[in-house]
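Protein sequence lines, in the order shown, are assigned to chains A and B. Position 139 of the first sequence, counting from 1, maps to 139 under the numbering used here, and the rest follow consecutively. Numbers given in the numbering used here equal positions in the second sequence, counted from 1, plus 264.
In short, the hints are calculated from the structure, not lab data. Incorrect hints may have been included.
As a list, the in silico BS3-like pairs of lysine-lysine whose alpha-carbon atoms are at most 30 Å apart [claimed, not checked]:
#: 1; chain 1: B; residue 1: 296; chain 2: B; residue 2: 493
#: 2; chain 1: A; residue 1: 253; chain 2: B; residue 2: 395
#: 3; chain 1: B; residue 1: 310; chain 2: B; residue 2: 435
#: 4; chain 1: B; residue 1: 355; chain 2: A; residue 2: 17
#: 5; chain 1: B; residue 1: 395; chain 2: A; residue 2: 107
Far from chain B, by Cβ distances over 10 Å, these chain A residues were calculated [claimed, not checked]:
#: 6; residue: 53
#: 7; residue: 119
#: 8; residue: 120
#: 9; residue: 140
#: 10; residue: 143
#: 11; residue: 177
#: 12; residue: 189
#: 13; residue: 257
DEER-style ranges, computed between Cβ atoms [unchecked claim]:
#: 14; chain 1: A; residue 1: 27; chain 2: B; residue 2: 310; range: 22 to 32 Å
#: 15; chain 1: A; residue 1: 17; chain 2: B; residue 2: 506; range: 46 to 56 Å
#: 16; chain 1: B; residue 1: 347; chain 2: A; residue 2: 243; range: 52 to 62 Å
#: 17; chain 1: B; residue 1: 467; chain 2: A; residue 2: 1; range: 28 to 38 Å
#: 18; chain 1: A; residue 1: 184; chain 2: B; residue 2: 399; range: 47 to 57 Å
#: 19; chain 1: A; residue 1: 7; chain 2: B; residue 2: 310; range: 21 to 31 Å
These numbers come from a predicted model, not from an experiment. Using N, Cα and C, we set each Cβ at its ideal position, and we do this for glycine too.
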Amino acid sequence: MAAKFINLCKLFLFIQKSNIKTAFLNKSDALINIIMMTINNLSFVFMWWIIFENKGSINGWHFGEMALLFAVTNNAYATFALFARGIQLLPEYIENGNLDNFLTTPKSSLFLISTSESTFANWGDYITGFLMYFLSGYVNWTSFGLMLLCSFFAFVLLYSFRLIMSCLAFIISDSQRLGDNIFMALITFASQPASIFTGWYKILFLTVIPAGLLSLYPVNIIKEFTWRDFGILTTGIIIFLLLSLKFYNWCLKHYSSGNRFGVR
Amino acid sequence: MNNIIEVKHLTKKFKLIKKNNGLKNFFAPEYKTITAVDKISFNIKKGERVAFIGPNGAGKSTTIKMLSSILYPSSGNALVNGLVPWDNRKKLAYTIGTVFGQRSQLWYNLPVQDSFALMGKIYDLDEIPFKRRLSKLVKLFEIRDLLEHPTRSLSLGQRMRCEIVASLLHKPQILFLDEPTIGLDVTAKEVIRNLIKKQAFEEETTLLLTSHDTDDMEKVCERVIVINKGKIIFDDSISALRDSYLNKKYIEVTTEGGEKIRTVVNTKEKPAKQAIDELVQKYHVTDMTIENPPMEEIIKEIYNRE
Chain A
1 MAAKFINLCK LFLFIQKSNI KTAFLNKSDA LINIIMMTIN NLSFVFMWWI IFENKGSING
61 WHFGEMALLF AVTNNAYATF ALFARGIQLL PEYIENGNLD NFLTTPKSSL FLISTSESTF
121 ANWGDYITGF LMYFLSGYVN WTSFGLMLLC SFFAFVLLYS FRLIMSCLAF IISDSQRLGD
181 NIFMALITFA SQPASIFTGW YKILFLTVIP AGLLSLYPVN IIKEFTWRDF GILTTGIIIF
241 LLLSLKFYNW CLKHYSSGNR FGVR
Chain B
265 MNNIIEVKHL TKKFKLIKKN NGLKNFFAPE YKTITAVDKI SFNIKKGERV AFIGPNGAGK
325 STTIKMLSSI LYPSSGNALV NGLVPWDNRK KLAYTIGTVF GQRSQLWYNL PVQDSFALMG
385 KIYDLDEIPF KRRLSKLVKL FEIRDLLEHP TRSLSLGQRM RCEIVASLLH KPQILFLDEP
445 TIGLDVTAKE VIRNLIKKQA FEEETTLLLT SHDTDDMEKV CERVIVINKG KIIFDDSISA
505 LRDSYLNKKY IEVTTEGGEK IRTVVNTKEK PAKQAIDELV QKYHVTDMTI ENPPMEEIIK
565 EIYNRE
C-alpha cells in the first residue's frame, strides 16, 4: 500500500515536471501568461474594491471578507487548473475514444485523466490568492493555516463538481459546453459576497450550485473558527466528493467508447 | 499449452437514442438496442498469433475492448491471463499491451523518449531494467532517430512504430492490436507487420490483431477468426482460410493506351505468375496491381458455402 502510494507520488511529480517542461518550450510566453493572468485577476479585485469604497459594506461583508474570498477561490482554482485540469477534458476524451488509453493502464484512470492537462498561466491565480490574503487584514499564523486548509477543501469541491459535470458526457453526447457553463456558474456565484444570498437562494447556493461551500463557510472559518462551520464545510465536501466518485464509476460501466481518429 | 484467453458467450449490446425530430423525443427519448457482439466463444493459447478480422462494424474492436477491460460486457464471461478483465483492470494492465491504430497513447507535445519515460513510471518499471528494455526495443523497431522528436512531428508510420514500442515497454504477455496498419502506405504496412511478427516470435507474445486488411492477417498470424455482425463465422488456421477462400487474386493492368483491364485468377488452377506473364505478353502493360479478394467477398463466400 505504502509502496503504491510512493509510486503514485513519483508519477505525479514526473507528470508535473513534464508539464513544466512543455510550458517552458517558450519561456517568455509562459511568464507573460502568468503576469497577464495576475493582472486580469487584480482588475476584477479592483472593481470590488471600488464598490466597497463607495458602499462601505454589503450585508455585513467588507473588503476584508471579499479579499479572503478571493484568496480561497484563487488558490483553489490555481490548484485545480495546474494539477487536475484534465478532468475538464473528460467529455472530449469520451467523445473521441481517448479515454481508452487511460483505462488500459495499471494506475487510477481518474488520476491520469486529471493530471493530463495543466494550464501554466494559472500560477498567476496563486500570486493573486496569496496577495489577497495579505491584503485582507486577517493575517496571523492561525488564519494562514486555515486559509491553506480551506483553499484545499475548495479545490476538492471544485474538482468534485467538475467531475460530475464532465461525467454528463457519458450520458449526453456533446455536453462539453453544458458542463463548462454550469462549472463557470459555480465560480461566478462563488465570486460574489456570500451575504447577498438569503432564503431559497441560500439553499440553492449550498446544494445544487454549492458556491456557499466555496465562499461563505471558508471565509467564516478563516475569520472566526467554529466547529459548526468546519463540520458543515467538511461534510458538504465529503458528500460531493463521494457522489462524484460514485457517479464516475457508475458511468464507466456504461461507457461505450468511440473510434474517432486523433492523438492524445 | 494452456489457454491464455478464454471467451464464453460474450455479448455486448449498445443502447442508442432513436433520432427523431421534435420536443417529444427530447423529454421521452426512444431507444433502440444494437447487438455489437453476439454470444461469441473462443480460446487462445499462449504464444498464439490470432487475427480477428471482419468488415467495418463487425464487432472486432468491441471484442478487443472488452478483453482489454475498456468495456463492460452485457453478458457472458471472459478470462484473460486468468483474470476477468472488467473486474481486474489495474492488475490485468501489467500483463497486456494495447495499440489502437486510430489514436495515440503518446503525449502529443512531448518528445517520444519522455512519453516512454512516463509510460515506464505508469507501469512502475525500475530505472535500469526500463533503460535496458527500451534500448532493446529502440534497436528492434529502429526508432533511435525519432526519440527526441515530439509525437506531433512524426509521420503515421513512425508514430505507429513508437506506439508499439510504448505498449511493449512493460513486456506484456498479450498484445492487443486494433487496426495497427490503418491509414499506412504499403511500405509502412510491411515494416509494421514484420516488426510485430519478429517481436511476438522472439518473446512468445500472444497476439490478437484486428484488421479489415487480409494482408495483415496473412503476414503476421497463424490463426484467423472471422467475425461478421457480431458472430464468429470462421475460426481456423490461416492456411485453411487461404486454401478455401483466399485462392483468388485480382489483377488489374493499365495498358499503354490508358485502358484498364481487370481479371480474376483462381490460383488453385493457375499460378498468379503465369497469369501475369500472359497479360504482359498480350498487352503493352505500363502499370499493374495485384490484390486479395476484399473482406466482404470472403464473408459472402463463407456464408455461401455454409
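Tested hints:
For the hint pairing residue 296 of chain B with residue 493 of chain B, the CA-to-CA distance comes to about 16 Å; that is within 30 Å, so the pair holds. Of the pairs offered as hints, the one joining residue 253 of chain A and residue 395 of chain B is violated, with about 36 Å between alpha carbons and a cut-off of 30 Å exceeded. Taking the CA atoms of residue 310 of chain B and residue 435 of chain B, the gap is about 14 Å. The hint holds against a cut of 30 Å. The straight-line distance between the Cα atoms of residue 355 of chain B and residue 17 of chain A is roughly 27 Å, inside the 30 Å bound, and the hint therefore holds.
A hinted pair counts as satisfied when its Cα atoms are at most 30 Å apart, and residue 395 of chain B with residue 107 of chain A qualifies at roughly 21 Å. With a minimum CB-CB distance of about 45 Å to chain B, residue 53 of chain A clears the 10 Å threshold, and the non-interface call stands. Here residue 119 of chain A stays apart from chain B, with its beta-carbon at least about 14 Å from theirs, past the 10 Å limit. Residue 120 of chain A, annotated as away from the interface, keeps every beta carbon of chain B farther than 10 Å; the closest lies near 12 Å.
With 10 Å as the threshold on Cβ separation, the claim that residue 140 of chain A sits away from chain B holds: the shortest Cβ distance comes to roughly 41 Å. No Cβ of chain B approaches the Cβ of residue 143 of chain A within 10 Å, the least distance being about 38 Å, so the stated non-interface status holds. With a cut of 10 Å on Cβ distances, residue 177 of chain A stays outside the contact zone with chain B, its closest approach being about 17 Å. At roughly 27 Å from the closest C-beta of chain B, the C-beta of residue 189 of chain A stays outside 10 Å, upholding its exclusion from the interface.
The Cβ of residue 257 of chain A sits about 6 Å from the closest Cβ of chain B, inside the 10 Å cut-off, so the non-interface label is violated. Roughly 51 Å separates the CB atoms of residue 27 of chain A and residue 310 of chain B, a value that falls outside the hinted 22 to 32 Å. At roughly 51 Å, the beta carbons of residue 17 of chain A and residue 506 of chain B sit within the given window of 46 to 56 Å. Checking the proposed 52 to 62 Å range against residue 347 of chain B and residue 243 of chain A shows it is violated: the Cβ atoms sit about 30 Å from each other.
Checked against the hint of 28 to 38 Å, the pair residue 467 of chain B and residue 1 of chain A passes, with Cβ atoms roughly 32 Å apart. Range check, residue 184 of chain A to residue 399 of chain B: Cβ separation about 48 Å, and the 47 to 57 Å hint holds. Checked against the given bound of 21 to 31 Å, the beta carbons of residue 7 of chain A and residue 310 of chain B, roughly 29 Å apart, stay inside it.
Checked against the numbered hints above, the structure violates hints 2, 13, 14 and 16; every other hint is satisfied.
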